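Using the sequences and the accompanying hints, generate a full structural model.
Protein chains in written order, with numbering that gives the first Met the number 0: chain A, 0 to 350; chain B, 0 to 376.
It is possible that part of the hints are untrue.
[To be verified] Here are a few chain B residues that face chain A, going by a calculated C-beta distance under 10 Å:
#	residue
1	296
2	297
3	369
Bear in mind the hints are in silico, worked out from the structure with no lab data behind them. Small disclaimer: the values here were computed from a predicted structure and weren't measured. Note that CB positions come from ideal geometry on N, CA and C, so glycine has one too.
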Amino acid sequence: MSGDPVMVAMSGGVDSSVAAARLVAQGRHVVGVTLKLWGGASDSGCCSVSDVDDARRVAQQLGIDHHVFNFGDDFDRHVVTPYVEAHVDGRTPNPCIQCNRHLKFDRLLRRARALGFERIATGHHARIVEGPSDHESDRRPMRHIGRGADPAKDQSYVLYMLDQAQLACLELPIGHLAKDEVRAEAARLGLRTAHKPDSQDVCFITATGGRSAFLGERVELTPGRVVDGTGAEVGRVDAVQLVTIGQRKGLRTAGGGAARYVTSVDLATSTITVGSRRDLLDDHTTLHELQWAHGPVTGPVTAQVSAHGRADHAHITGDRVRWDEPHQRVAPGQSVVLYRDDVVLGGGIAA
Amino acid sequence: MAAYLDNAATTPLGDPARQAMAEVYDARLGNPSGAHRLARRAQQVLDEARDVVAEAVGGVAPGDIVFTSGGTEADNLAIAGVVDRVGGVAVCPAAEHHAVLHPVQQRQGRVVGHTADGLVDLDSLTAALDEHVTIVSVMAVNNENGMIQPLEPIRELIDRHAPNAVLHTDAVQAAPWLDLADHTAPADLVSLTGHKLHGPAGCGALAVRNGVELAPQLVGGGQERGRRAGTHNVAGIAGLAAALGAIPAARPHTTDQVAARRDRLADGLLAAVPDTVETGRRAGKIPGNCHLCFAGIESEALLFLLEADEVYASAAASCSSGAQEPSHVLAAMGVDRRLAQGSLRLSLAATTTAAEIEHCLTVLPPAVARLRAHAIA
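Spelled out as structure tokens, the structure:
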């Protein structure tokens, strides 16, 4: 065994399988853990028994110990409950970011340290980029999350909240590989997850029931009116809580004419306002809960507002992102991640 | 140095069972339902095993020992067998093993409460009893807290308030420690399994006393007098009988030795680890059980550290994914959920050595201290 012992989070998917295999190949002491997060119905995510089986079988193949940590209570508290509350408050939550923030890079990291593991690894498609310190007094290397090598699979967006302390103990063994290369390596190693489909969407929302079934069991969903800029009713929705700024579909507006976009959601009066694409444009977005990898940044950045969306040119000053070109309004609750040269500087949540 | 302290989960196979099973396999016996000599020899092994099990359980004819695939099947056969046969309502306490609790709940049965020491709350039980109740199931020894449940008072309440009910007891955890003929005498149905008493897993029995009639849950070839179809696991049954038959002679010595080692372990841990609560009452437990709750830690993390030093134990039940689930037994006893998160069951057997106890005493206190130093992690 060489190098520091490392605890690798194994979801039962191909990415974390190969991440674990690469750590084993380095001759490290590796322990695999699968987080049991969600006890309810699931069809796509990382929490089902069959996914735990896959993680365990891969660990057996690699000859490493595998444990299951039940973080269900924390998942309810930090991910599921805020997800429901956000809908009630008219915000668009990002549960995967909350899961990373509270479960993988807080709860798991603390658990790992308590068990004698100073390093954890995940199968995210992202890289850790090291640069020289920009501080006079602190000469330790400065770390940032960089985009994964595969642009279609890049997951740097969901890791924007990591600070220097967290980055110092994180390893991302597959971030420099394209997805095809990950699958090819898994196949070469004979890992049973080599051809397993990628997980989709939110792990606790089933494809059959969707958000409406999930939220409908937990809160009262209220129907609402859809109005245009003049206040005239142009359609109806079954649940205003499920409507997001920028949404085009599912508004049951009369056909024909230019596409209509949701420009505002007023939960107090259950009113959705729609307008043209131009009505949706903003010249700036205000952020709160800003987090920086290495201190606040001012000046030109590219800013990305969804996990696999485009990054657009902007300037950040304080808590304000000023878009170089007018930008589609960012739904409140969504994370805005700021990059420079494909490296994550930090991010925040759209107000 | 390793310490196996998870004997309430499963015990290592003992020599009597191993030898009896090897004899069956080596003799290449037939299917006991067959008509030739090798079949008859298998039948003889079965018949003799029935005699041994009937003798150990007491108050039951050898023909009323129904061999099953284990304790879970025996429990299901008891609950479902009675309710499917005569209808009515099943009743059990909340801290029963899930092999009883789930069949009772599945049939809309009644679940009654416990006192803080883990025994059945007799007032709660009384309130649940009436003429509609057809079966009451109360385990002889709880698998988590090790508490011995006296069955006479339960029987008296049933006779008084539920005249149509039979009494079933899951004696899976009791068999290595208690005289079943004496302790389970008030029960009509008694569940056993091999692997908790140094016999094989996958083989158990339901003893049927007093002519209780059961609807079979497995139908087919009509084995076990029509109460449980399926080709007999002859070797397993021989192993179960051999293991069970070997217990009484060794019991006085085993009981004293294990109790002394358990006391050394429990007292040592209570002295070495502050803020530790012993679950239940030690005087009311089987000798093999040491159950503790360590405040401010999570047993999942503790088990990880113990395993790293080759101490093998368990907390509450594991779910099908392998994750630790909150203990329904501790919840039934009213143990605070946060305290219950730090629960640990160390279970001993006749095979547990003094050196294993000392190893655990060396390893466990620093593990708890480490986790506490890392706060809740």
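The hints, checked one at a time:
no. : hint : result
1   : 296  : holds (9 Å)
2   : 297  : holds (8 Å)
3   : 369  : holds (7 Å)
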